[in-house]
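**Student:** Following the working numbering, the numbering of the sequence shown begins with 8 at its first residue and continues without gaps.
You may find that some hints are simply not true.
Stated by the list, open to error - Cross-link-like lysine to aspartate or glutamate pairs, in silico, EDC-like; alpha carbons within 20 Å at most:
| no. | residue 1 | residue 2 |
| --- | --- | --- |
| 1 | Lys292 | Glu321 |
| 2 | Lys211 | Asp275 |
| 3 | Lys225 | Glu391 |
Claimed, not checked - Each pair of labels, with its calculated beta carbon distance range:
| no. | residue 1 | residue 2 | range |
| --- | --- | --- | --- |
| 4 | Gln9 | Arg265 | 35 to 43 Å |
| 5 | Val17 | Asn264 | 18 to 26 Å |
| 6 | Val17 | Leu50 | 17 to 25 Å |
| 7 | Val17 | Gly166 | 30 to 38 Å |
The hints are simulated quantities; they were obtained by calculation from the structure and are not laboratory data.
Think of the CB as a built atom: it goes at the ideal place given N, C-alpha and C, for glycine as much as any other residue.
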Amino acid sequence: KQARLLPLRVEGDQVVAAMADPMDTGAVDSLRLLLGACVSPLLVPTQSILDCINSVYDRAANEAEQLVGDLEAGDLDTVAHELEEPQDLLDSSDEAPIIRLVNSLLFRAAKERASDIHIEPQEKDICVRFRVDGVLQEVIRPPKRFQNSIISRVKIMGGLNIAEKRLPQDGRIRVKLAGRDIDIRLSTTPIVFGERVVMRLLDKSTVLLDLVEIGMDKDQLRIMESLIHRSHGIILVTGPTGSGKTTTLYAALSRINRPDLNIMTIEDPVEYQLQGISQTPVNPKIDLTFANGLRSFLRQDPDVIMVGEIRDLETAEIAIQASLTGHLVFSTVHTNDAAGAVTRLVDMGVEPFLVASSLIGILAQRLVRVLCKDCRAPYLPAPEELKEIGLMPEDVREASGGMLYKPTGCPECNNTGYRGRTGIYEMMLLDDELRQLTLKNVDSGTIKRQAVGKGMRTLMDDGAQKVMRGITSVAEVLSVTQEDMA
């Protein structure tokens, strides 16, 4: 494309090539060496060559990356039954069924908003499951004899070594689906019955980069706005893996992203690329860790820094140093609630006075499934059920006339009763009294009781509010907050 040439056909011992500049001897010589044949240049207008090159490469890219449009109506079970024996797939004309099956899986996963695809070889067949709204659902069970072909196809797409089946491998697949860019993180690991494959789907078009869209109400939004517009300090987001911490951080950064701020992030990995923000992936192979990356950021004149996770004392100390020297720092830790983040830093070895002087706010969160609006059903809850999430019958009567909603199931939600997820939050602002408790190195329970006494809404409280608003169910809130009740 750069040389403005395109080989057209072979005539005798020569290759006829369309060229915008037949006098470009360098391009002619390069093509001759590449093809091992003499080149006969043919003068063709530049735009015609470019149009032809683009059409050829676009078609090739579509075959490799873009899911075929007619798969939309495809039936996975039908495709699976059309598959022939694996040995027949060695012929290029016979490998289409496997490609169709894998493409159908990717298409259906994207259509059903699945976050992960699990391909698990079992003794007699292969179990394929999607994780939708945090829950694994079985999709199809192809016969055992297609195992090697299916897994090899996925590994080829991810650029993995198909001959290596004894070691775990990681790769990446990029596809386009109806104009949507989807990144797929691929992981394989050997198990008793073969290689297990997990694909994590990252759909850039569906990521929620707004604090309102991720489930924050007006009060929570006001608190969050007061934190993210500070000039310095540390803001921590806490929760278990898969609770939406990274999405919340992205939403916060997007909220303050503007040309007069230098925002830098170090992540493991970079899940979504944010326009106008410098993002760095960690790379342990070359010793680019959270700590080393963060240390280098301080020489890059940053205003705002995001550290994917504070895992050790070194990273914590550098983050605190950055916050105390005029930088706003965002990061995450793994704790059950907001108060636990304070004691987690102290347990890492950070001096309590440094924690007290640098932390400005902590956000604990969980994800709950949203009731399907097409099939949710109203019901009158029993007092015992309300008590489990800290509600009284009069609370529900005032908020929703005494009625709550429960899941039933319909085709729109794949008969699960839920469609989508939202966050429930616990926001703790560190005031002077909480800082004094931090200095005294008290336990997290004492800190939490003090914060609740001053009006902090707990995860359970926020979940109960969303139950009364018909957003989610009692069972969902209990499923993600039970460890906090223990």
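**Student:** All hints, please: hold or fail.
**Tutor:** How the hints compare with the structure:
1. Lys292 <-> Glu321: OK: Lys292 and Glu321 at ~18 Å, within 20 Å.
2. Lys211 <-> Asp275: Within the cut-off at roughly 17 Å; holds.
3. Lys225 <-> Glu391: Violated: Lys225 and Glu391 sit about 30 Å apart, past 20 Å.
4. Gln9 <-> Arg265: 35 to 43 Å: About 37 Å separates the Cβ atoms of Gln9 and Arg265, which means 35 to 43 Å holds.
5. Val17 <-> Asn264: 18 to 26 Å: 54 Å Cβ-Cβ, so the 18 to 26 Å window is violated.
6. Val17 <-> Leu50: 17 to 25 Å: 19 Å, holds
7. Val17 <-> Gly166: 30 to 38 Å: Since Val17 and Gly166 have Cβ atoms about 32 Å apart, the given range 30 to 38 Å holds.
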